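Novice: Each chain is listed here by its residues.
Protein chains: 2
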Amino acid sequence: MRKYQEMTKSELLKEKEQLERRYKEIREIGLQLNMARGKPSAEQLDLSMDILDVIGKEDSLLAEDGTDCRNYGVMDGLPEAKRLVADMVDCKPENLIIYGNSSLNIMYDQVARAELFGVCGNTPWSQLDKVKFLCPVPGYDRHFKITESFGIEMINIPMTADGPDMDLVEKYVNNDEAVKGIWCVPKYSNPQGVVYSDETVRRFANLQPKAKDFRIFWDNAYVVHHLYEDKQAKILNILEECAKAGNPDMVYEFCSTSKVTFPGAGIAALATSENNLADIKKRLTVQTIGHDKINQLRHVRYFKNIDGIKAHMAKQADIIRPKFEMLIDMLNKEIKPLGIGQWINPVGGYFVCFESLEGCAKDIISKCKEAGVTMTGAGAPFPYGKDPKDSTIRIAPTYPSMEELRQAAEVFVVCVKLSSVEKLLQTSESTILEVEAEEVLQ
Amino acid sequence: MRKYQEMTKSELLKEKEQLERRYKEIREIGLQLNMARGKPSAEQLDLSMDILDVIGKEDSLLAEDGTDCRNYGVMDGLPEAKRLVADMVDCKPENLIIYGNSSLNIMYDQVARAELFGVCGNTPWSQLDKVKFLCPVPGYDRHFKITESFGIEMINIPMTADGPDMDLVEKYVNNDEAVKGIWCVPKYSNPQGVVYSDETVRRFANLQPKAKDFRIFWDNAYVVHHLYEDKQAKILNILEECAKAGNPDMVYEFCSTSKVTFPGAGIAALATSENNLADIKKRLTVQTIGHDKINQLRHVRYFKNIDGIKAHMAKQADIIRPKFEMLIDMLNKEIKPLGIGQWINPVGGYFVCFESLEGCAKDIISKCKEAGVTMTGAGAPFPYGKDPKDSTIRIAPTYPSMEELRQAAEVFVVCVKLSSVEKLLQTSESTILEVEAEEVLQ
Numbered sequence: 344m345r346k347y348q349e350m351t352k353s354e355l356l357k358e359k360e361q362l363e364r365r366y367k368e369i370r371e372i373g374l375q376l377n378m379a380r381g382k383p384s385a386e387q388l389d390l391s392m393d394i395l396d397v398i399g400k401e402d403s404l405l406a407e408d409g410t411d412c413r414n415y416g417v418m419d420g421l422p423e424a425k426r427l428v429a430d431m432v433d434c435k436p437e438n439l440i441i442y443g444n445s446s447l448n449i450m451y452d453q454v455a456r457a458e459l460f461g462v463c464g465n466t467p468w469s470q471l472d473k474v475k476f477l478c479p480v481p482g483y484d485r486h487f488k489i490t491e492s493f494g495i496e497m498i499n500i501p502m503t504a505d506g507p508d509m510d511l512v513e514k515y516v517n518n519d520e521a522v523k524g525i526w527c528v529p530k531y532s533n534p535q536g537v538v539y540s541d542e543t544v545r546r547f548a549n550l551q552p553k554a555k556d557f558r559i560f561w562d563n564a565y566v567v568h569h570l571y572e573d574k575q576a577k578i579l580n581i582l583e584e585c586a587k588a589g590n591p592d593m594v595y596e597f598c599s600t601s602k603v604t605f606p607g608a609g610i611a612a613l614a615t616s617e618n619n620l621a622d623i624k625k626r627l628t629v630q631t632i633g634h635d636k637i638n639q640l641r642h643v644r645y646f647k648n649i650d651g652i653k654a655h656m657a658k659q660a661d662i663i664r665p666k667f668e669m670l671i672d673m674l675n676k677e678i679k680p681l682g683i684g685q686w687i688n689p690v691g692g693y694f695v696c697f698e699s700l701e702g703c704a705k706d707i708i709s710k711c712k713e714a715g716v717t718m719t720g721a722g723a724p725f726p727y728g729k730d731p732k733d734s735t736i737r738i739a740p741t742y743p744s745m746e747e748l749r750q751a752a753e754v755f756v757v758c759v760k761l762s763s764v765e766k767l768l769q770t771s772e773s774t775i776l777e778v779e780a781e782e783v784l785q
Numbered sequence: 344m345r346k347y348q349e350m351t352k353s354e355l356l357k358e359k360e361q362l363e364r365r366y367k368e369i370r371e372i373g374l375q376l377n378m379a380r381g382k383p384s385a386e387q388l389d390l391s392m393d394i395l396d397v398i399g400k401e402d403s404l405l406a407e408d409g410t411d412c413r414n415y416g417v418m419d420g421l422p423e424a425k426r427l428v429a430d431m432v433d434c435k436p437e438n439l440i441i442y443g444n445s446s447l448n449i450m451y452d453q454v455a456r457a458e459l460f461g462v463c464g465n466t467p468w469s470q471l472d473k474v475k476f477l478c479p480v481p482g483y484d485r486h487f488k489i490t491e492s493f494g495i496e497m498i499n500i501p502m503t504a505d506g507p508d509m510d511l512v513e514k515y516v517n518n519d520e521a522v523k524g525i526w527c528v529p530k531y532s533n534p535q536g537v538v539y540s541d542e543t544v545r546r547f548a549n550l551q552p553k554a555k556d557f558r559i560f561w562d563n564a565y566v567v568h569h570l571y572e573d574k575q576a577k578i579l580n581i582l583e584e585c586a587k588a589g590n591p592d593m594v595y596e597f598c599s600t601s602k603v604t605f606p607g608a609g610i611a612a613l614a615t616s617e618n619n620l621a622d623i624k625k626r627l628t629v630q631t632i633g634h635d636k637i638n639q640l641r642h643v644r645y646f647k648n649i650d651g652i653k654a655h656m657a658k659q660a661d662i663i664r665p666k667f668e669m670l671i672d673m674l675n676k677e678i679k680p681l682g683i684g685q686w687i688n689p690v691g692g693y694f695v696c697f698e699s700l701e702g703c704a705k706d707i708i709s710k711c712k713e714a715g716v717t718m719t720g721a722g723a724p725f726p727y728g729k730d731p732k733d734s735t736i737r738i739a740p741t742y743p744s745m746e747e748l749r750q751a752a753e754v755f756v757v758c759v760k761l762s763s764v765e766k767l768l769q770t771s772e773s774t775i776l777e778v779e780a781e782e783v784l785q
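These protein sequences, in sequence, are chains A and B.
With positions in the first sequence counted from 1, the corresponding number in the working numbering is that position plus 343.
With positions in the second sequence counted from 1, the corresponding number in the working numbering is that position plus 343.
No lab work stands behind these hints, which were simulated from the structure alone.
A portion of the hints provided could be inaccurate.
Identical copies go unnamed one by one, so any copy, or any two together, can satisfy a pair.
Claimed, not checked - Simulated crosslink set (DMTMM-like; lysine to aspartate or glutamate; CA at most 25 Å straight-line):
#1 LYS400 to ASP661
#2 LYS400 to GLU386
#3 LYS625 to ASP484
#4 LYS658 to GLU401
All figures in this text were calculated on a predicted structure; none of them were measured in a lab.
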């Protein structure tokens, strides 16, 4: 196999013809596959079924402090739930609020509350002329939707292999008072699988924000979501680093058990400083009487402690690792030699992020769609859904079965090749036209 | 027994002496009782224990439409959960969104969203100079806290035996564009137990609001919370009445199973028009991916249908009815003949609302506190915690055991008497002084 870029026009045309034939065959199968959302598979969910039996009618529903979990109360979470989650995200139990089933909802709430009431006594964002958020790209579409819905101006920050481009982050945060936040997925980032380096975390902690109410929105969604027992990423503790750097109140850290037990029926939490907690609780007490304590108890009794979570996540990894490996293998074999795509091999998280030739992502996704394979929408990993290079495709390999994934990946590979050939032919066409035009002019 | 108001000063002084002795005795017992919050008792919660067993690891978690309830999705609730809740609140399933475990949180969210984004395309409330809410009083403190937290001006509307004073409601709503909402608990109101009459509901439905974005916040919290099988209140269907009156979008109706199964671990819902639902869902999709579907399924499988809920609530009534009756009996025997208090005998809901002599509520509550009986804070049933007459005391009889309640009610009765005697003596004192002063002047 040779790189497409090194092929002559006639070689490309011949390749195109073969690919078109293959694509036609695939379309005729009438597949219905989905690699769009980062959802666990049924097999993964089956691993958690025992949690449904740990609290039955014969069991006590008293928490360790005597609280009857069946009744009202306990706004910020059971002590034992705090301990469990604290061990999961590597923070202190007293820095936590345990919420309901959705960390996304906590993030929305944090932004909404900042808009309505301000952060720690500062002016409500809704009363400011301009509020900006930094958005490392590619990133998580649902983060960007939150800030977009509030009319917050979003600024793209390119990702590197070590995390967001910190020169740029520092430039914006330390000089522009309108910059109030940044969205981060520090471990196994969505969608690239990037792990923030220690230097990146330290540079975050040592930011000197122009805005007193600047906050890092640290979505530690994949904190225990390793693919390999022996290649587990460990990131620095952002709360500790911020405290050391004299910025104790600069971070809101989010996590949940959505992809540990059951999405939508897990527990979610916020970890932050004492000041921030007081600021939040003052409002939270008006918002609700308390979250589902029975479900908190269920998680505590099921996992017992962090070792329980770790053992559970190792089983999850055993199920999804082969999927990631098959996908990566196929990309290595079919795409890499052709020079028409790039990706990072993730060691955790839920995604593979494919970088196509410029201007091909939309077309590849549309070709996949026509062949019955739904991918995450083009542009989704960017603010306003706009991928400047039209080259980023988020692949979510966890939900389909191995066999479905194999089929879907085969479709994907054909679509990438076909779209790339078409792009290169179009480019060479326009190059030829340009050359001809130049000749005429001379 | 004679009315205190008809006693001479020396009779009152004698009565006071006896009461002080009795009060001293009570204080020395060192009770620790609580009639403050409307919480179900452990015995009531025991009724729902079987719900913890209806979904175990051997059970299917597929909803009737095939949705795997263990995974992401279904923002607005399972079809079968909508049907169950629709039958409970007497609305159509298609008018519902099923949320998480807290109807209070839905109400907060509705106000917050109106502040941030406006209602159905109207100006966000946060951008208006003045927003006002009507607050039927006495009412629910947590409602008032929500509007207070947003700086919404709250206007007291006196309650009658048929619901809020509708002359006043019409006057405000139909003439003042700043009036954007009203808090209502239409059935077994908190705290008086008032049931809105058909005329009241119809007058609500036929309001001609000056503000296009005026909404009735209809908290149907006690919709199935009857005390008597044969005295079940039925209120008109507000959504239907509003539609008939040409005001289909004027109501947000809230409900939950908090006091049906487990407070904080039930399911909550919003019922409203198609237009309002569309307006809400546009934002809700940014707020969360979905609520706890497993818990929705749990409730559906446990109750099966509305008859299951009704049978369950009849058992709850059997537990709490004797408590209400004992309390009312004691008030009838000890307070009524003395002319120092009034109340409505509730046939449902969670409270008895005691009206003391003017200027006595704070003192009675404080006397109770000193004797070890915690009552709902004075003023709580009023906006800003200000009871204009200082006479309203919310009594919550459900949580204590019968024996505890008897003790607490005895303490309460003594405190009411003592405080009333003191008040009357003080008044007669000042009347005497006034009379003397007048005599001097003449």
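Novice: Hint by hint, note whether the structure agrees.
Specialist: Hint-by-hint comparison with the structure:
1. LYS400 to ASP661: Cα proximity of LYS400 and ASP661: across copies only (21 Å, versus 33 Å in one copy).
2. LYS400 to GLU386: The answer is between: 14 Å across copies meets 25 Å, while 27 Å in one copy does not.
3. LYS625 to ASP484: between (30 Å within a copy, 16 Å between copies)
4. LYS658 to GLU401: between (29 Å within a copy, 20 Å between copies)
Hint violations for this structure: none, all hints satisfied.
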